[in-house]
Amino acid sequence: MIIIPGWLISIATFPGVIVHESAHLLFCRLRRLAVFDVVFFRVGNPAGYVIHETTDNFTSMWLVGMGPFFLNSALCILFCSAAFVPVSELGVPDPMSYFFYWLGLSIGMQAFPSNQDMKGLWRLMPQAAKQLNPLAIISYPIVGAVYVLNLARVVWADLIYGIAIGIWGPLALFHWLAG
Amino acid sequence: MRHLKCSSCTKEFPAAQMFTVGGAVVCESCGDRLLEDAAAKHRKPEVTRVIDATICSRCKADNGETDFRIIGGAPFCPRCTERLYAYPFPLWLKASAAVSVLLLGFALWHDAPYFAAGAHLTRARRAMEAHDYKTAVTHFAEVLPVKPTEQDVILPAARAYLMTGDVAGAGAFLDLRSEYTDNDEFKSVNQFWSRANLALVEADSANKLVQANRTADAQRLMTKAARDYPEVPAFAVGALLIKGGDAFEHKDYDTFLTTSREARTLMPEEPRLIAGVASALAAKYAVTGNAAYRAEAESLLAVAETVAQRSAEDKTAYDEYAERIRHRLATRIVINGEEYNRRFRAKEASSP
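Chains as they are written, first to last, in our numbering: chain Z, 862 to 1040; chain E, 53 to 404.
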């Protein structure tokens, strides 16, 4: 197993960090939560952060916490789709396609919400689940999986996830479009 | 701005400059002293800054005696509050997003030929699974212009071309890579490629032997080519045509008719082979006068004419041989193409 420092991974995947923090900011704005400070990227731990107002509204916290996961995953599939056919299907050495693969995979690798992102959700989940909020109910396995996946980052779970959606996403999309 | 009295020195200070140390409101210097005393007694009292809700925590605006709104535990003036709820996306981020969208648009436009080729590749693979090699080849032909290098594309494409008898087409794909991973698929296609090329050489030699009137050797070699490349019926047809041609020269029209029918069975949609049967039937009519032969020959000529409409080349060839066959049916004189040309077409060519 190759151990690569987190800051080096952050530098290599900096577009993903920026997209992740931008997604937090976007959902804070959409859900009218005050944002006190944003760092889109820095060399350090964490590589980026958004300090925002907390709320007791579970849906708002869910969107702010999980937003980056969905936005990063969608952008990963989109950018990798531009590269998938030339590089993976046809083996054409096209520099622009390699650039888009890097961009897409770096965004996909930074899709996982951090444990910090999940803390706000974890606080509100029991009450929301009691009120049968479907988001809260599905959040139990999601939050559990996120904690496990964050632990599994040491065995490249983030890279595996990025590659999985960066390859399978475009593959499924392409086969669907190709009829 | 609010002022509070220090519980230790009793002097008054702006509230925003004061602290609570272990629950007591104190000024900064008293607070430092209390912390030193506590440290000497190995205690660590809780320290917090006193919040003056009349001072904006961001722009320090003073609201007199009226409290600002508390957000996230800190007071903010209306202007700063507005900014908190509409935290701006920086210009560099907007510019980067715009550039990324433009680049993505350019990439999608630039990759359009690859996407089209990819779609044809998917259809070609489906055709290969259905063993429909003709359809597969038409789709692989659309993949070739983007010059794929993926072995999983090249080898199936080469196989499809070889299955349809287009050795040159297979070669065009195989040339796209200089080296291959030596797996089962590669070994299989490589053997197929070798067999096909050997058969081509044998067929070429057989044609030369025909021209040298060494018909038996030509037929043997063409039969060998047909055995080496059984996937393509053209070589077996070639061997039958050599045999039939030899029979025609020896006026053995029964054998000529049998071999022509066998050849047509192998390639039923080939107009020249349909006309070949018509030619043999016309020869049989010429020597027997049996009208059944004539009727079948005319019927087959009509079929050949219909099928020949598919290409200009087939149409031109049809016009040439149909004239000779009709002459044979009309006159009951059997002459070969060379003699027909000498008697009738040379005159046309030389006439003004």
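Where hints are given, some of them may not hold.
With a straight-line Cα cutoff of 20 Å, these simulated SDA-like cross-link-like pairs (lysine to any residue) come out [unchecked claim]: (1) Z:K980 <-> E:G124; (2) E:K57 <-> E:G124; (3) E:K146 <-> Z:F902; (4) E:K146 <-> Z:K991; (5) E:K199 <-> Z:F902; (6) E:K199 <-> Z:F875; (7) E:K57 <-> Z:G1005; (8) E:K367 <-> E:V355.
Away from chain E, derived, C-beta distances all over 10 Å, residues of chain Z [unchecked claim]: (9) I865; (10) S883; (11) C889; (12) R890; (13) F961; (14) P987; (15) L993; (16) L996; (17) L1012; (18) F1035.
Because the hints were derived from the structure by calculation, they are not lab data.
For each residue, glycine too, the CB sits at the ideal point set by N, CA and C.
Status of the hints after comparison with the structure:
1. Z:K980 <-> E:G124: holds (16 Å)
2. E:K57 <-> E:G124: Roughly 26 Å separates the two Cα atoms, so the pair is violated.
3. E:K146 <-> Z:F902: holds (15 Å)
4. E:K146 <-> Z:K991: violated (41 Å)
5. E:K199 <-> Z:F902: Status violated; Cα separation ~40 Å.
6. E:K199 <-> Z:F875: violated (33 Å)
7. E:K57 <-> Z:G1005: Not OK: E:K57 and Z:G1005 at ~50 Å, beyond 20 Å, violated.
8. E:K367 <-> E:V355: holds (12 Å)
9. I865: Nearest chain E Cβ is 25 Å from Z:I865, so the label holds.
10. S883: For Z:S883, whose nearest Cβ neighbour in chain E is about 6 Å away, the distance does not exceed 10 Å, so it is violated.
11. C889: violated (7 Å)
12. R890: Given that some Cβ of chain E is not farther than 10 Å from that of Z:R890, nearest at about 7 Å, it is violated.
13. F961: violated (6 Å)
14. P987: holds (23 Å)
15. L993: holds (30 Å)
16. L996: Nearest chain E Cβ is 23 Å from Z:L996, so the label holds.
17. L1012: holds (30 Å)
18. F1035: violated (6 Å)
The structure does not agree with the numbered hints 2, 4, 5, 6, 7, 10, 11, 12, 13, 18 stated previously, though it agrees with the rest.
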